[in-house]
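Engineer: What follows is each chain in one-letter form.
Number of protein chains: 2
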Amino acid sequence: MGERIGFIGLGIMGRPMARNLLAAGFQVTVHSRSPGPVEELVAAGAAPADRAAEVARAVDVVITMLPDTPDVESVLLGSGGVLEGVAEGSLVIDMSSIDPIATRRFAEAFAERSVAMLDAPVSGGEKGAIDAALSIMVGGEEEAFARAQPVFQALGSNIVHVGPSGAGQIAKACNQLVVAATIEAVAEALLLAERAGVDPASVRQALLGGFAGSKILEVHGQRMLDRAFSPGFRILLHRKDARIVQDTAAAVGAPIPSFDVVTAQLQRAVDAGDGESDHSALFAELERE
Amino acid sequence: MGERIGFIGLGIMGRPMARNLLAAGFQVTVHSRSPGPVEELVAAGAAPADRAAEVARAVDVVITMLPDTPDVESVLLGSGGVLEGVAEGSLVIDMSSIDPIATRRFAEAFAERSVAMLDAPVSGGEKGAIDAALSIMVGGEEEAFARAQPVFQALGSNIVHVGPSGAGQIAKACNQLVVAATIEAVAEALLLAERAGVDPASVRQALLGGFAGSKILEVHGQRMLDRAFSPGFRILLHRKDARIVQDTAAAVGAPIPSFDVVTAQLQRAVDAGDGESDHSALFAELERE
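Going line by line, the protein sequences match chains A and B.
Each residue of the first sequence is one higher than the last, beginning at 8 in this note's numbering.
Each residue of the second sequence is one higher than the last, beginning at 8 in this note's numbering.
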């Protein structure tokens, strides 16, 4: 290939993703708020840059992997940000999970400079990032998606071009809606069994083979039985994603009556001090009721 | 083997189940409210009986497969019912989906006559019944469960002894909770995608591989995309099962905040005239909002 890649945001997800790009043979320039992860990646062969604009100047493809919408906005469009340094014909790929409507706005700002932008949020967690086995949900133009393929191939396994700009973030919002609602349903069912004097492990087993079967019942159901709530995916992050779901649903007029209750449960779990626990701790929140 | 079996209730599920018992070589005596299904089974080799008590007199194992708790109560304990005709040492297996607390009461009534009773509700629908591939969730004593094994083997594939009397019905209630809640979550997600201008089929595809993946997203998600709402499993029956979940949860003090909303959605669908549609028509209910 020969595309030079910039990677901004070396958190729990970004660190192994940047490593996988190096392993795939890409030249990678990195930037992050904390110096530790930068040093780690530099030791693995990456070049460091002090500001986002500098990263953009040095590469062909800029990837961002940041916590929330304001972080992405600041790194892309803020002072010293990507937009200041990016050259015409470059490609920006935001792999954070952020607001779909804001995403479209960012993409338009880059389009005015003839820079393509893809939204490409992921699921699969830290393990998926380490194993280069992420699911990647992509929004943006076909041409940009095709150009990004070698990059995505180095990071994930299930790569779907969902639609135009913002479609990747919409798909991620849908994903987070279904995941949290299914966790809540499994929690309600297993606690119902337990309070009715029936072994919840046997109930989980009986349900796994039929229509109630899901990845969540399998993995998070077992976590509930074991009260194994170390993350995994933190309640606090899922609460953030729930806000994105609610904002998007409100903006487009989509009813989400059951997810509104799930969001309230996530908030109660945060309020109760479980924000740093895995999202399967929705079970613990229910147990307190 | 050599047990003579009575089968009471020849509806959509009972008919193919009784046929599978005949096919497995059992002697089967049948009884049902409507004569048509009885004639059909008699033509296939079953003996007819006019009353439930008569069935009980003629056999070693009595199976009931009826719509709701009052039907089972009437057939088991009512005038001319199973309890009137049943001999000491017989086995009663109720495979209907009914109230777990009522089930325990019925089992006690039979225990007083030295008759064992199992609750053994199923999932898998008409197709599972025809293919002898039902999931069977069993509550009751180990000895009775062991005795019933040849019968269950002729009817289903995933057979789990969940616990003591009532445990099968509790597991079924948990199953119906998770199934309806997951259908509602998938409906909310796919409608959110559609209203946000993103192809819901692509979103379903993107979600299938990850933690949002489930049998429901696969099967019922596709039904929603196709607006294919002919049952399947009718909303009206799921509304009935939702009542069982709510009654049980209230009786044992288990919180079901998200399922309460799902139950309200089922009721709205019934009120809107969708009672005879498949439960994936929760999507249609949402679309009206």
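Just so you know, the hints here were simulated from the structure itself, not pulled from any lab data.
Backbone N, C-alpha and C fix where the C-beta goes; we use that ideal spot for every residue, glycine too.
Any given hint might turn out to be false.
Stretch-level coverage of chain B by chain A, calculated; a stretch enters the list once three of its residues show a Cβ under 8 Å from a Cβ in chain A [what the hints assert, rightly or not]:
| # | region |
| --- | --- |
| 1 | 10 to 21 |
| 2 | 268 to 277 |
Once the Cα atoms are required to be at most 20 Å apart in a straight line, the calculated EDC-like pairs of lysine to aspartate or glutamate come out as [claimed, not checked]:
| # | chain 1 | residue 1 | chain 2 | residue 2 |
| --- | --- | --- | --- | --- |
| 3 | A | Lys222 | B | Glu225 |
| 4 | A | Lys247 | A | Asp267 |
| 5 | B | Lys222 | A | Glu225 |
| 6 | B | Lys222 | B | Glu150 |
| 7 | A | Lys247 | A | Glu149 |
| 8 | B | Lys222 | B | Asp233 |
Engineer: Decide, hint by hint, whether the structure agrees.
Structural biologist: The hints, checked one at a time:
| no. | hint | result |
| --- | --- | --- |
| 1 | 10 to 21 | violated (count 0) |
| 2 | 268 to 277 | holds (count 4) |
| 3 | A:Lys222 with B:Glu225 | holds, 12 Å |
| 4 | A:Lys247 with A:Asp267 | holds, 13 Å |
| 5 | B:Lys222 with A:Glu225 | holds, 12 Å |
| 6 | B:Lys222 with B:Glu150 | violated, 33 Å |
| 7 | A:Lys247 with A:Glu149 | violated, 29 Å |
| 8 | B:Lys222 with B:Asp233 | holds, 17 Å |
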